[in-house]
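Chains as they are written, first to last, in this note's numbering: chain E, 142 to 843; chain V, 226 to 282.
One should not assume that every hint holds.
Ranges of calculated distance between the beta carbons of each label pair, as one might list FRET restraints [stated by the list, open to error]:
{"#": "1", "chain 1": "E", "residue 1": "Glu517", "chain 2": "V", "residue 2": "Arg263", "range": "38 to 44 Å"}
{"#": "2", "chain 1": "E", "residue 1": "Ile647", "chain 2": "V", "residue 2": "Val241", "range": "15 to 21 Å"}
{"#": "3", "chain 1": "E", "residue 1": "Trp600", "chain 2": "V", "residue 2": "Leu275", "range": "29 to 35 Å"}
{"#": "4", "chain 1": "V", "residue 1": "Thr255", "chain 2": "E", "residue 2": "Ala555", "range": "45 to 51 Å"}
{"#": "5", "chain 1": "E", "residue 1": "Ser800", "chain 2": "V", "residue 2": "Gly245", "range": "51 to 57 Å"}
{"#": "6", "chain 1": "V", "residue 1": "Gly245", "chain 2": "E", "residue 2": "Arg573", "range": "46 to 52 Å"}
{"#": "7", "chain 1": "V", "residue 1": "Arg263", "chain 2": "E", "residue 2": "Glu704", "range": "57 to 63 Å"}
{"#": "8", "chain 1": "E", "residue 1": "Val167", "chain 2": "V", "residue 2": "Phe266", "range": "42 to 48 Å"}
{"#": "9", "chain 1": "V", "residue 1": "Gly245", "chain 2": "E", "residue 2": "Thr672", "range": "37 to 43 Å"}
{"#": "10", "chain 1": "E", "residue 1": "Arg756", "chain 2": "V", "residue 2": "Gly245", "range": "54 to 60 Å"}
Lysine-lysine pairs mimicking BS3-like chemistry, simulated, CA-CA at most 27 Å apart [unchecked claim]:
{"#": "11", "chain 1": "E", "residue 1": "Lys372", "chain 2": "E", "residue 2": "Lys515"}
{"#": "12", "chain 1": "E", "residue 1": "Lys522", "chain 2": "E", "residue 2": "Lys512"}
{"#": "13", "chain 1": "E", "residue 1": "Lys608", "chain 2": "V", "residue 2": "Lys277"}
{"#": "14", "chain 1": "V", "residue 1": "Lys277", "chain 2": "E", "residue 2": "Lys160"}
{"#": "15", "chain 1": "V", "residue 1": "Lys277", "chain 2": "E", "residue 2": "Lys512"}
{"#": "16", "chain 1": "E", "residue 1": "Lys515", "chain 2": "V", "residue 2": "Lys277"}
Hints listed in this document are in silico derivations from the structure and should not be mistaken for laboratory results. In this text the structure is predicted, and so the values were computed from the model without any measurement. We treat Cβ as the ideally placed atom computed from N, Cα and C, and that holds for glycine.
Next come the chains, spelled out residue by residue.
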Amino acid sequence: MANNQNMETFKYDDCIVKKFLIATVVWGAVAFLLGLLAALQLFNWKFNFGLEWFTFGRLRPLHTNAAIFAFAGNTIFAGIYYSTQRLLKTRMFSDFLSQLHFWGWQLIIVSAALTLPFGITTSKEYAELEWPIDIAIAVVWVAFAVNVFGAIAKRRERHMYVAIWFYIATIVTVAVLHIINSLAYPVSLFKSYSVFAGIQDALVQWWYGHNAVAFFLTTPFLGLMYYFVPKAVNRPVYSYRLSIVHFWALVFMYIWAGPHHLLYTALPEWAQTLGMLFSVMLWAPSWGGMINGLLTLRGVWHLLRTDPIVKFLVAAITFYGMSTFEGPLMSIKSVSSLAHYTDWVVGHAHAGALGWNGFMSFAIIYYLIPKLWKTEMFSKKLMNYHFWLGLLGIVIYYTSMVVAGVTQGLMWRAVDASGRLVYPEFVETVTRIVPLYGVRAFGGLLFISGFILMLYNVWKTLAAAPKTEEQTFQAAPLSAQAQDTHSHGHRKLEGLSLVFTVLTVIAILVGSAFEILPTLNIHKYVPQNVTTKPYSALELAGRDVYIKEGCYVCHSQMIRKMESEVLRYGKDSQIADSIYDHPFQWGSKRTGPDLARVGGKYPDQWHYQHMLDPRSMNQNSIMPTYTWLTDKKVNFDILVKKLSVMKSLGVPYSDGDISQSVQAAKDQAAQIAATLEKPELAQSEMVALIAYLQSLGKQTKE
Amino acid sequence: MFQEVAQFFKDTYLTVIAMGIFITVFTLVTIYVMRKSRADFYNRLAQMPLAKESNNE
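So here's chain V without its partners, still in its complex pose:
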């Protein structure tokens, strides 16, 4: 099965490297961002568009 799929790839190393880069970066970003610490900080950032806009508001 694997050989049947692999025979279509003349540059197998490209796909392997690309997937490796993506999965590594994605996993690290997800783990880092989803940590529980500083949830209040993210909540504060989420409020930015709702901040007071004018002196009259």
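Only chain E is shown next, with the shape it has when bound in the complex:
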């Protein structure tokens, strides 16, 4: 051990932790209110208010981005900055990088709030932000990484505690996921096309999407669990050995599981089965983490009765266990065939987001505020009320969505003895579950009510808090500490942060390479006798309107290889159908019917009326109105650039197609406007969107 002469004096940067905590609370309010509004919009379409900026298609991505990256993101950063400094016995590497990280991240959130309502989106789930913001995310993330790795380099603690491993895995994996999934070719400042298309894009997107859940909403929170649960109950983690096995198994396996979002689709069978298999295997490490968290309370379970922070922590870990049991269950192909595209998935996602991430965040907030502001929480009773309101809200939310999902899934697949669909009209299956959307909104309201109590409690606590100054701490530098001569194997590895990080990267890259690389040779999976025609210039413009309005949020374009799907929508979707789709539009939820083969199913006039007033074509429709599409003009001039970019990405447009794209688009628009008997609409987004919808399912020929 070092003697007192070798001790160094230093201060922790708790100011940055406070900032991230306040941001967590503020953005949490925004995320939850947006979620409630989105829930109400599905219960009653009038909550779309007839305004383009507030339709469900634009609001839902805003809600998910706010919940994941603003609320959960700021929680993660607050917790990581607090625990990292204490576990490494050092201040963060650079105060400047800490400030850059904080303000840069808030600016990114504000950028999301200023672009998504205006339809500026890539349409890639949880990665909707356009390329300039993607670059900003990468820059800020690098600042965060340098700050953490710099702190690791100058640490005064030889061994890296298990929480730090999870932070390292989070930092490197999120960087890899974000950069690869965001690869795009810019068309303009606010528009780009993914470099991946169709099946490639689907696989990369859900490799990213699933691992955004894994490495943004799971591994950092597990790291926080390994720090804050022992702190809250003043007990060491149940099994340090289990945490090592848990860590390596989790980071290795999670990365493979993405294809379980694409079961029964056109994705090659081997990739689907691989994704399913690794998803089921995830049961083991996930539950290893849950058991390790819960059993940390051995001997102090009585705290569950008296300490609201422990209540939040135990409920959060329990929700983690439930969600990580349900996730693999839903990844089994037979279960997925029922659950996919339904609200069961929404229920599953919210059990994790509200129960695991939400409750962990609340526990961390309630733990850190008294520590950082040197005071007690204003009201313990309000903390308890918050817990019970939140818990009740989640249970109601989850139950309603599982019932809705299973109900709708069963109705979709119901076929009678004569081989006909029992519920041929899609809207029948929607009408049946609309009351459950109301129940869901009520559950969300309860959750928000609890959160409002927390806001009040935090406000009163901070208002009464004394003025604090940074404390000084002492620790010996590593150079003055005795070497652990018996250290070898994993114990030595924990001291070698660079090697540890490289091994973590290898663990995640193995799965990524095995899954993604084979599909880069996409033509291997397309029969030689099949040809796919690229979209016309107007159809491409219409496709961008489809993306801008967030139609993909409610409509899939993927007819699964299932009898009931083929009966309802037509021939199952093939890889060739979306081979030129940059980005793919397979979707992940069906609030409305699949559109993969909607082309030619209805006349242009039907689409026109349907967009203006969905109830005029379908009495029970819950779709918003899109009246502004008749007023908004298509930017024809940019079509040359758009087709050029698509050609650069491999879409077989000829030079003639590109040079004549503007005139060709205008001619096609004039024809459609003529069929509508409204020539004045020839330049409208409405006509472009109709052109796109009428092309769906008609591009591929054998």
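Let chain E serve as the given structure and place chain V on it in line with the hints.
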């Protein structure tokens, strides 16, 4: 049975290699970590979050 399952895999070698890598690494890590020696060392690491935080505590 095996042939029925295998016919869905066009790239069988990928899954075999992947599973091989995982099972090997997982088994080695588990055996190594769960050995009885140095239990006290792991116990000491588990205490890290509970270490004295400030000079005033």
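Which hints, by number, does the structure contradict? Violated: none.
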